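**Q** Fit chain B to the given chain A structure using the hints.
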Amino acid sequence: MVYFVNDIITGALIGLLYALVAMGFVVIYRASKVFNFAQGELVIIGGFIVWFTTLQAGLSLWLSIPLSLLLAGFVGYLIERIFLTKLIGESVFSMVMVTVGLLILLRGFVLLLFGPAVRPFPVIFPLKPLFLGDMLIPLNLLIGGIITIVAAAGLSWFFNRTRPGLRMTAVAEDHVVASSMGISVKSSIAFAWVLGAILSTVGAMIFLSGKSLTFLASDIGFAALPVALFAGLESIGGLILAGVIIGIVQSLTTNYLDPVIGGSLGSVVPYIIMLAILLIRPTGLFGWRTIERV
Amino acid sequence: MLELNNVEVIYSDVILALKGVSITVREGQCVALLGGNGAGKSTTLKAISGTLKSEDGKVSAGSIILNGKPVQNLEASDVVKNGLIHVMEGRRVLRHLTSEQNLIVGGHMAPNATELKHRLDHVYSLMPRLADLRSRTAGFMSGGEQQLLLIGRAMMARPRIIVIDEPSLGLAPMMIRDVYEVLKQLKAQGTTFFLVEQNSAAALSIADYAYVMENGRIVLDGPADKLAENEDVKEFYLGVSASGERKSYRDIKHYRRRKRWLG
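One line per chain: the protein sequences are A and B, in this order.
Read in order, the letters of the first sequence are residues 19 to 312 in the working numbering.
Read in order, the letters of the second sequence are residues 28 to 290 in the working numbering.
It is worth saying that the hints were derived from the structure and are not from the lab.
A couple of the hints might just be wrong.
FRET-style restraints, in silico, Cβ to Cβ [unchecked claim]:
1. GLY55/B with VAL118/A: 40 to 48 Å
2. MET19/A with ALA140/B: 46 to 54 Å
3. ILE92/B with SER205/A: 20 to 28 Å
4. ARG161/B with LYS104/A: 35 to 43 Å
Listing some non-contacts, in silico: residues in chain A with all C-beta distances to chain B over 12 Å [stated by the list, open to error]:
5. TYR21
6. PRO84
7. GLY119
8. LEU130
9. LEU150
10. MET153
11. LEU173
12. ALA196
13. ILE266
14. TRP306
Calculated cross-link-like contacts (lysine-lysine; reagent style DSS-like; alpha-carbon spacing at most 25 Å) [unchecked claim]:
15. LYS108/B with LYS104/A
16. LYS46/B with LYS96/B
17. LYS211/B with LYS253/B
18. LYS85/B with LYS204/A
19. LYS96/B with LYS204/A
For clarity, every value in this text was computed on a predicted model and none was experimentally measured.
The beta-carbon is built from N, C-alpha and C at its ideal position, and this holds for glycine as well.
Only chain A is shown next, with the shape it has when bound in the complex (with noise of 0.2 Å):
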């Protein structure tokens, strides 16, 4: 029963890291309607930066965590100001495709400049496990979970109470109503890249502390993709929610039905998941639905 209890706890905070990493690609959708498939190409960009800043350049953690983070924002803001400011107007399709680009363009900058190697990520947050009793809690998940509550509680606030927060949502709503009352969509735009890219690096930081690091935890984008679709692409309490479900239900397949089976189906019912959501209920369970006056 400990085990049970204890793998339940463990999937949650797995499933709390990918609602964050979702969080970016929310952020970016609800001010663009576009669905940016490069999100874990920015988590690794978002890695590679901390790993540059606090490994190569010596910077203690309290410098390199903001200065990384204010890095990885600007590089969110040139992503937009370069491929995508251009688009606005144009079909979403267009934009998706150029995200579906940059997500090759982006992985092969990061092998050119800093090549195949496995690299040692910084540990940012305390390797030993949290013991409750008998249950074996990663410290690591644990305050990432925290942080993406935290990060979550703030999201919703700005977006629903503060004014820029619902210059944004006007935006995400209808862009020519947005601007014909005087937000300007593409400082929007480029606000919502830098906190997707902000928040893609804060996933590195939980994700990767005291791992490797190889272009290949960009992963972990597509990992939180069926995380985004079951809460509904504009929601973001919703992804708390839809994280520890799906996290729950991997770490509990994992752990009880894959031996049994001989298989990995651990890996794959995230997508079962998100399809049969998909099916039920197109919107997510928290997206918004059209509301159409007949």
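**A** Showing chain B alone in chain A's frame:
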């Protein structure tokens, strides 16, 4: 305050939608632009507010002067900063936000929270129904409530001029009366309006001056009370015959236009 001088608008570099349109709106005035479907009324408003770009259109000739500054082909957000708000047709509320959140977005340029609150109170005092509906998701409000919300949202920006596209479109007569009542109150408070309408009777009831548009050209203009008495306007836009009888839709449909004003 707002001046259009020989404005031409072209869509996709091919379709000439406005052909030398000149209109003047003075401070405190309510000016109406009347015309049938496809006459170019909405295009005129989009040219003024800078929202043409989203439809691949541009002002290809002429000038639009707003408060002394040329605004033709400016970004929509920059036109708003010059004191003009465009209430678009089709009741384009932010459907997933609440009524009050819509209003807050409208007042996003307010200098501080106190001023924002003051503006909210002003809107609610003019339209108490919106105060009752402040937590209602805008997409689930009735058509008339949404139209009131759009007017309130425009007021939140404290613009010097509001341009409104078809405020009565698709509304029940009772709601049209309510919407126009609010517009009349705003006019009495000194708000400047440029109003585009197919519902000519409603528009002429509030306007000081009016223009009639056909095929992208202004074909007639004059003080609203004079235009309301003009026989062509009566026949073509108010559906009233020379003898004072109201014409049925069938009569209008089969009416052979004399097009007096086109010579």
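**Q** All the hints need checking, so say for each whether the structure fits it.
**A** Checked hints:
| no. | hint | in the structure |
| --- | --- | --- |
| 1 | GLY55/B with VAL118/A: 40 to 48 Å | 54 Å, violated |
| 2 | MET19/A with ALA140/B: 46 to 54 Å | 52 Å, holds |
| 3 | ILE92/B with SER205/A: 20 to 28 Å | 27 Å, holds |
| 4 | ARG161/B with LYS104/A: 35 to 43 Å | 39 Å, holds |
| 5 | TYR21 | 43 Å, holds |
| 6 | PRO84 | 29 Å, holds |
| 7 | GLY119 | 24 Å, holds |
| 8 | LEU130 | 37 Å, holds |
| 9 | LEU150 | 41 Å, holds |
| 10 | MET153 | 41 Å, holds |
| 11 | LEU173 | 16 Å, holds |
| 12 | ALA196 | 8 Å, violated |
| 13 | ILE266 | 29 Å, holds |
| 14 | TRP306 | 5 Å, violated |
| 15 | LYS108/B with LYS104/A | 23 Å, holds |
| 16 | LYS46/B with LYS96/B | 22 Å, holds |
| 17 | LYS211/B with LYS253/B | 19 Å, holds |
| 18 | LYS85/B with LYS204/A | 19 Å, holds |
| 19 | LYS96/B with LYS204/A | 23 Å, holds |
Hints 1, 12, 14 from the earlier list are contradicted by this structure; the remaining hints agree with it.
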